[in-house]
Amino acid sequence: MRMAQVNAKVSDIAFYWSSSTSYSVQAGLDGSLQTCSTSSGVATLTSSFGSHSARLECVGDGSSSEFELIGVKLKTQVVPSGSPSNSTLDDASSEITYSGFSSISSSRSTVPAIKGGSFYQNTISYTSNADASASFTFQGSAIYIFGMTGPEFGCFSISIDSTTIGIYNASTTVETYNTLLFFTTYLDASKKHKVKITNENDGMLLALDYFVAVQAGTSSGSGNIISGSTTTGSTKGSAATAVFGDGRTNGNQGSGDDSTAAIIGGILGTLGALFVVWFCWAYWRWKKAGGQGGLLNAVCGGRRKKPTPPPPSEPKQYPLWPMVLSRPKYAVG
Numbered sequence: 001m002r003m004a005q006v007n008a009k010v011s012d013i014a015f016y017w018s019s020s021t022s023y024s025v026q027a028g029l030d031g032s033l034q035t036c037s038t039s040s041g042v043a044t045l046t047s048s049f050g051s052h053s054a055r056l057e058c059v060g061d062g063s064s065s066e067f068e069l070i071g072v073k074l075k076t077q078v079v080p081s082g083s084p085s086n087s088t089l090d091d092a093s094s095e096i097t098y099s100g101f102s103s104i105s106s107s108r109s110t111v112p113a114i115k116g117g118s119f120y121q122n123t124i125s126y127t128s129n130a131d132a133s134a135s136f137t138f139q140g141s142a143i144y145i146f147g148m149t150g151p152e153f154g155c156f157s158i159s160i161d162s163t164t165i166g167i168y169n170a171s172t173t174v175e176t177y178n179t180l181l182f183f184t185t186y187l188d189a190s191k192k193h194k195v196k197i198t199n200e201n202d203g204m205l206l207a208l209d210y211f212v213a214v215q216a217g218t219s220s221g222s223g224n225i226i227s228g229s230t231t232t233g234s235t236k237g238s239a240a241t242a243v244f245g246d247g248r249t250n251g252n253q254g255s256g257d258d259s260t261a262a263i264i265g266g267i268l269g270t271l272g273a274l275f276v277v278w279f280c281w282a283y284w285r286w287k288k289a290g291g292q293g294g295l296l297n298a299v300c301g302g303r304r305k306k307p308t309p310p311p312p313s314e315p316k317q318y319p320l321w322p323m324v325l326s327r328p329k330y331a332v333g
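In terms of this note's numbering, the sequence shown is numbered consecutively and its last residue is 333.
None of these hints come from the bench; they were simulated from the model. It cannot be assumed that every hint is accurate.
Said to hold, decoys possible - Distance windows between CB atoms, simulated: (1) Pro-80 - Thr-164: 20 to 30 Å; (2) Pro-80 - Ser-20: 35 to 45 Å; (3) Ser-64 - Tyr-168: 27 to 37 Å; (4) Gly-166 - Leu-69: 14 to 24 Å; (5) Thr-172 - Ser-40: 19 to 29 Å; (6) Ser-65 - Ala-130: 34 to 44 Å; (7) Tyr-16 - Ser-118: 17 to 27 Å; (8) Trp-278 - Ile-167: 44 to 54 Å; (9) Lys-75 - Thr-172: 18 to 28 Å.
Even glycine gets a Cβ: it sits at the ideal position worked out from N, Cα and C.
Between the sequences and the hints, there should be enough to build the whole structure, so can you do that?
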């Protein structure tokens with residue numbers, strides 16, 4: 001037997017599949033199961049809005065045919081009443097506090113899967129470091145998190161108001177973009193909420209593209225509150241929108257360069273400071289010596305002169321006349 005289960009606040013839920021008639025399929029809500037038509041490829045379950053547990057079971061006859069679960073469609077509520085208003089926040093916004101992430105335009109990324117992708121506002125924030133995190137605050141009743149999935153991606157955790165909601169998997173067999181990574185609803189719309197996304201696997205990617213918060217539209221709203229975010233979906237003109245926090249402690253580089261450029265810039269800046277210190281010391285030494293000669297020679301040391309070779313020594317004189325006039329002792333007279 002194979003089984004799939006979904007726990008969510010919904011009114012309607014539908015399972016979609018593809019299989020041969022060799023499978024028997026059952027589906028139901030909150031513990032009850034009903035037999036479904038295998039050939040239809042869909043099981044639609046309806047109830048009043050609330051927290052429900054939907055379950056799909058399939059049993060094969062032992063043949064080699066496969067059962068493929070295509071997906072699940074949920075119908076839920078994002079606001080308790082009224083018309084919803086969406087506020088979209090790009091990943092490069094200064095309202096987001098990053099730790100261990102790189103924020104960059106996709107075309108400048110060194111990751112092939114990201115470089116060839118298409119992203120909201122042409123920016124993407126990603127990491128492959130365990131415990132790297134992104135956090136922001138908002139006021140609203142629902143939140144969507146969009147990003148990327150693929151073979152090089154791993155697991156991530158979501159916490160809201162310091163409570164861990166769950167651990168989710170962004171690993172798929174192919175790269176996908178503009179993908180819904182997380183969604184939750186029925187939050188207290190009168191309060192601000194803090195969302196934190198944390199990468200769980202070292203060496204595996206997590207990429208965040210944009211975030212959408214939902215709040216009920218009102219006729220007394222004053223339009224978009226967050227600079228750089230986009231408000232949509234309101235049917236009442238200038239409507240109140242989801243309010244994101246100020247993010248003043250963020251470490252995001254915005255839509256600028258990768259963190260590698262910042263490291264190189266820091267190294268060059270340090271070398272420049274050391275050169276200035278050395279030059280000042282050389283100038284002080286030159287002034288202390290009386291300022292004789294050019295400053296450039298004092299700093300660089302000037303040209304070194306070859307030492308003067310010593311004068312050649314005179315050849316030794318060996319007098320021969322004593323040997324000519326003297327006779328050996330053994331000479332015969």
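Could you see if the CB distance from Ser-64 to Tyr-168 stays within 27 to 37 Å?
-> At roughly 32 Å between Cβ atoms, Tyr-168 and Ser-64 fall inside 27 to 37 Å, so the hint holds.
Check the following: the C-beta atoms of Thr-172 and Ser-40 are separated by a distance inside 19 to 29 Å.
-> Hint holds: Cβ distance 27 Å, inside 19 to 29 Å.
Do Pro-80 and Ser-20 keep their Cβ atoms within the hinted range of 35 to 45 Å?
-> Roughly 44 Å apart at Cβ, these two residues keep to the hinted range, so it holds.
Using the Cβ atoms, figure out if Trp-278 sits within 44 to 54 Å of Ile-167.
-> With Cβ atoms ~53 Å apart, the hint holds.
Is it true that the C-beta distance of Lys-75 to Thr-172 lies inside 18 to 28 Å, as the hint says?
-> Given range 18 to 28 Å: holds, Cβ gap about 24 Å.
Using the beta carbons of Ser-65 and Ala-130, state whether their distance is inside 34 to 44 Å or not.
-> holds, 41 Å
Range hint 17 to 27 Å (beta carbons of Tyr-16 and Ser-118) holds or violated | holds, 26 Å
Should the hint that Pro-80 and Thr-164 are 20 to 30 Å apart at their CB atoms be regarded as holding?
-> With a Cβ separation near 25 Å, Pro-80 and Thr-164 satisfy 20 to 30 Å, so the hint holds.
Taking the CB of Gly-166 and the CB of Leu-69, does the distance hold inside 14 to 24 Å?
-> Since the Cβ atoms of Gly-166 and Leu-69 sit about 20 Å apart, the hinted range of 14 to 24 Å holds.
Consistency with the previously given hints is maintained throughout, with no hint failing.
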